[in-house]
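*Asks:* Chains as they are written, first to last, in my numbering: chain A, 1 to 314; chain B, 1001 to 1315; chain C, 2001 to 2370.
By construction, these hints were calculated from the structure, which means they are not laboratory data. Using N, Cα and C, we set each Cβ at its ideal position, and we do this for glycine too. Treat the hints with caution; some may be incorrect.
Label-pair ranges, simulated between beta-carbon atoms [unchecked claim]:
(1) T2202/C - E1200/B: 43 to 53 Å
(2) R225/A - Q1219/B: 50 to 60 Å
(3) H1066/B - Y43/A: 55 to 65 Å
(4) K2074/C - R225/A: 14 to 24 Å
(5) P2237/C - L1128/B: 52 to 62 Å
(6) V1109/B - G2132/C: 36 to 46 Å
(7) G2132/C - T1022/B: 27 to 37 Å
(8) I1024/B - F50/A: 49 to 59 Å
(9) T2202/C - R225/A: 39 to 49 Å
(10) D24/A - L1128/B: 18 to 28 Å
(11) E1161/B - L26/A: 34 to 44 Å
(12) G2132/C - G99/A: 25 to 35 Å
(13) E1200/B - Y71/A: 39 to 49 Å
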Amino acid sequence: MATIAPTAALDRPHSVRLRARLQDWLPRIVLAPSFLLILVFVYGFDLWTFFLSFTNSRAFTSTKLIGLANYQKLWTWTFETDPPSNWYTALVNMGLFGGLYVAFCLILGLGLAILLDQKIRGEGILRPIYLYPLALSFIVTGTAWKLFLDPRIGLEKAVHDWGWTSFHFDWVVNPSMMIYCVAIAGVWQTSGFVMAMFLAGLRGVDSEILKAAQIDGASTFQTYRRIIIPIIRPVFFSALIILAHMAIKSYDLVLSVTGKNPGGAAELPSTFMYSYTFTRNQMAVGSTSAVIMLATIAAIMVPYLYSELKEKAR
Amino acid sequence: MSAGDLITSGPSREPARHSLTTRIVIYGLLVVFALVYIVPLVVMVNTSLKPLDEVTGGNMFALPQHLTLQPWIRAWGEARIGVSETAGIAGYFANSIKMVVPAVLISTVLGALNGYVLTKWRFPGHALVFGLMLFACFIPFQSVIIPMAVILGMLGHIGNELKDATGWSFGFGNSTVNLVIVHVVYGLGFTTLFFRNYYEAFPTELVKAAMMDGASFFQIFRRVLLPNSTPIIIVTVIYQFTNIWNDFLFGSTFAAGDNAPMTVALNNLVNTSTGITEYNVNMAAAIIAAGPTLFVYIVGGRYFVRGLMAGAVKG
Amino acid sequence: MATLEIKALRKRFGALEILKGIDITLEKGGFLVLVGPSGCGKSTLLNTIAGLESISSGEIRIGGRVVNDLHPSKRDIAMVFQSYALYPNMSVGENIAFGMEMRGVAKPERDKAVAAVAKTLQIEHLLQRRPGQLSGGQRQRVAMGRALVRQPSVFLFDEPLSNLDAKLRVDMRIEIKRLHQTTGTTIVYVTHDQIEAMTLATKIAVLKDGEVQQVGTPSEIYNMPDNLFVADFMGSPAMNLLEGRVARANGEATIVLERSDHPAIVAPIPASANAETLVDGAKVIFGIRPEAVNDMESIDRNAKTVVKFEAKVEIVEPAGSDTFVVTRAAGKELTARMRADADLKVGQNHTFAFNLDKAVLFDPATTQRI
Chain A
1 MATIAPTAAL DRPHSVRLRA RLQDWLPRIV LAPSFLLILV FVYGFDLWTF FLSFTNSRAF
61 TSTKLIGLAN YQKLWTWTFE TDPPSNWYTA LVNMGLFGGL YVAFCLILGL GLAILLDQKI
121 RGEGILRPIY LYPLALSFIV TGTAWKLFLD PRIGLEKAVH DWGWTSFHFD WVVNPSMMIY
181 CVAIAGVWQT SGFVMAMFLA GLRGVDSEIL KAAQIDGAST FQTYRRIIIP IIRPVFFSAL
241 IILAHMAIKS YDLVLSVTGK NPGGAAELPS TFMYSYTFTR NQMAVGSTSA VIMLATIAAI
301 MVPYLYSELK EKAR
Chain B
1001 MSAGDLITSG PSREPARHSL TTRIVIYGLL VVFALVYIVP LVVMVNTSLK PLDEVTGGNM
1061 FALPQHLTLQ PWIRAWGEAR IGVSETAGIA GYFANSIKMV VPAVLISTVL GALNGYVLTK
1121 WRFPGHALVF GLMLFACFIP FQSVIIPMAV ILGMLGHIGN ELKDATGWSF GFGNSTVNLV
1181 IVHVVYGLGF TTLFFRNYYE AFPTELVKAA MMDGASFFQI FRRVLLPNST PIIIVTVIYQ
1241 FTNIWNDFLF GSTFAAGDNA PMTVALNNLV NTSTGITEYN VNMAAAIIAA GPTLFVYIVG
1301 GRYFVRGLMA GAVKG
Chain C
2001 MATLEIKALR KRFGALEILK GIDITLEKGG FLVLVGPSGC GKSTLLNTIA GLESISSGEI
2061 RIGGRVVNDL HPSKRDIAMV FQSYALYPNM SVGENIAFGM EMRGVAKPER DKAVAAVAKT
2121 LQIEHLLQRR PGQLSGGQRQ RVAMGRALVR QPSVFLFDEP LSNLDAKLRV DMRIEIKRLH
2181 QTTGTTIVYV THDQIEAMTL ATKIAVLKDG EVQQVGTPSE IYNMPDNLFV ADFMGSPAMN
2241 LLEGRVARAN GEATIVLERS DHPAIVAPIP ASANAETLVD GAKVIFGIRP EAVNDMESID
2301 RNAKTVVKFE AKVEIVEPAG SDTFVVTRAA GKELTARMRA DADLKVGQNH TFAFNLDKAV
2361 LFDPATTQRI
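If we strip away everything but chain A, and leave its shape as in the complex, we get (with noise of 0.2 Å):
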């Protein structure tokens, strides 16, 4: 609110207001650029995108509507399984790759996040190390597991060295199982984060309530399985939900894993939109494809960003 003195109102009334209105919208003009830009860019291009594929566009984007056309196209692809179709095959490695991804950075994060909870010497050295995968690019990631685990230089190889000549791995160079080795770099990349969380959940756990635990006689496993562990339960879900939306957007360490994609075999909703959008030259298809992608991020993410913001209100 900014003061005027009453003589200045009385000489020069209309512009002294003015600048005094100015003032007080002056907060939401700063915010405006970046709230409009967000308006425009995010949501505006979401709905754009949304008309998109109601549209038949191909190459270039066309303003032809024809109905839910591609949805149903992508629809009975979804069941078009011998032989697959690219978005039947997208959506099985999604669900693969996705719940593996998840589920063993949990079980990962939890538990590495568990024993450096014991009070252990060397913690500074441990924790920046599992950690540094973070700083990483994807593509860097990619490049370095598709190297590690390449049969003919890399893991089988070395192993074969060593004497296990019947060892087998070539996962990374086999299509129906290179979506494994995609979970693999990802869990690894991400393990550390989730593990950062689980860290600062358990640490967070009142002391008093330890030594209550304690004092009745728990062990180290029950005060684990039976207070601590149920207590962190929001931490769970933060990082369910954040891994999730993660593995949903995967794009970059899809590509650098599986290069060519050969056969489409590691295809992912990504990937599809991708290809179908600037290479296969099926760009409403491909819009198609995006809005079922925010879709599920969407459903997934709301809720929980809703439930968050209301905690911090209260």
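Based on the hints, put chains B and C in the right spot on chain A.
*Replies:* Frame of chain A; chains B and C shown alone:
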């Protein structure tokens, strides 16, 4: 205490009573996993220092018999990237820098101002505005990429027209400018989130006191909030730098060919289907690509963690 | 055989000695309060009794057994924490039963024990609720219930009332005292609030910097403090401590308290002090509590020795039930507690009186009571 602080401040309770065997198991597991995390990086470095015949003929764990920096030199200046004429990743590295620096600066400044407005100058509807900006952090980029391509295409046309008319395109259609725009817009959600959470905890009394002293909107920001914002600025800059430098999707879609950022060039290099795969050069290139963010991580690791936690646990 | 015996207990943390040789005993059914300023080691001492922290040397016996190396759950103790430490993911009933569950007590017996305790504390209607749904006072009772159900030899309370607001604190204090009287349990209680200490304890141990300053009944601690620290720490408002000197003349010893604008106050040696040891000219600290400083109307009728003196009123603080009047003696402020309707004006000269029965003397050099 924020979650990030909880992690970095370390344990504060009495030592647990664990038997010797338990402790051995715990340490053993931790070390095994540490190896799992570190080995791929070690292999990368190792491979990047070997001549190609050692890589293809030998064991990835074996140390180089003929240590060589040739792969690094090739990666930097000589390797052919896809179908590009430019040799080596040096140019692409520069592209990344040209794009990252402005994008980080602009998105951070805007995020700070937004956070300031949202917490200290509340207006009706601020919760909704924040909510909308927050959700924007999580959208899949696939849902905006087509319209963005169209818009950037239009900007390119405008640029060409301007160039024909005045001799300069004023930045329209320039790939670097395009990427900066894209990264600023899609980074705004996160930077606003970080600053908003930080300023939320900042005592409003200081702002009110400054107001009573007659300070204006911007003066309060500059003289009261900004000087006390160093921690969150560091967190935001690190987070944005890492995300933007590591981005691939936008880079590959909107900045093709010679103007591509580092990540795109790396991917093209590694996935060339022509000729022999020079694994050692690829690894060197990957390490160069990862260099800046790893360096930032080593130097500012504590803030890195805080940034992650701020995004995830939200205060 | 005392229920709790602590002998020569020392605790070191690195180079820092936190507890410097503690000796305390507590008989069965006693209520021991460990009181002292922040950092004096009282919580640490409680934690060592509980077994949550280790000791460097010394011995702790509970019920005659040496418990130094025993796990907390094996020491036959129960603890009520400052934050109550209720398990948030379990119901009240499960919270109370958890310890029994860990010890392998069968479900029917657990339920019976929980029901009995709930009845005593009147929390039966809360058994299915979660701690998050309870008020502060209710949570306190659940925490006590969890401790009660163990039927331990010793109950440990770690500043349980600090988190409550003033009114609730008084109510819960009475509850704890009632609990002690009806169940006759042995209690060790830590607080920094000396009023809690005085009202609850049968025995008080005043601690400072890891050392026991004095152990005694509330009355002993209050009326016969062993040293200056105890004298000053206990009692609110604090005891008046005035510098004076001994004057011996004609075989008679008196205390002289100089004043700047009035003649010195001359008082006989208080009954509590050993007059023989006092040397002429020796410096002493004269201690007297505000309630023993009045005027002739309010002074205790049964006082054997009274010293009158004129002084100027500096500050008058009406406190409802009393009026505190501040004047000056021996260069320091002297607080007197007068009747509520004492009508004194600032600047007015008034005749005050010391009830010398209640006065104590300290040696300034050793801080000990004479």
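*Asks:* Indicate, hint by hint, whether the structure satisfies it.
*Replies:* Here is what the structure says about each hint:
1. Between T2202/C and E1200/B the C-beta distance comes to about 50 Å, which sits within the given range of 43 to 53 Å.
2. The hinted window of 50 to 60 Å between R225/A and Q1219/B holds, with their beta carbons roughly 56 Å apart.
3. At roughly 57 Å, the beta carbons of H1066/B and Y43/A sit within the given window of 55 to 65 Å.
4. Remark: the range hint 14 to 24 Å for K2074/C to R225/A is upheld by a beta-carbon distance near 21 Å.
5. Between P2237/C and L1128/B the beta carbon distance is about 55 Å. The supplied range of 52 to 62 Å therefore holds.
6. Checking the proposed 36 to 46 Å range against V1109/B and G2132/C shows it holds: the Cβ atoms sit about 41 Å from each other.
7. Taking the beta carbon of each, G2132/C and T1022/B are about 33 Å apart, inside 27 to 37 Å as hinted.
8. A hinted range of 49 to 59 Å holds for the C-beta pair I1024/B and F50/A, which are about 58 Å apart.
9. For T2202/C and R225/A, the hinted distance range of 39 to 49 Å is satisfied, since their beta carbons lie about 41 Å from each other.
10. Checked against the hint of 18 to 28 Å, the C-beta distance between D24/A and L1128/B comes to roughly 20 Å, which is consistent with it.
11. E1161/B and L26/A have their C-beta atoms about 36 Å apart, which keeps the hinted 34 to 44 Å range intact.
12. Evaluation of the 25 to 35 Å hint for G2132/C and G99/A yields a pass: the beta carbon distance comes to about 33 Å.
13. The hinted window of 39 to 49 Å between E1200/B and Y71/A holds, with their beta carbons roughly 41 Å apart.
Every hint from the earlier list agrees with this structure, and none is contradicted.
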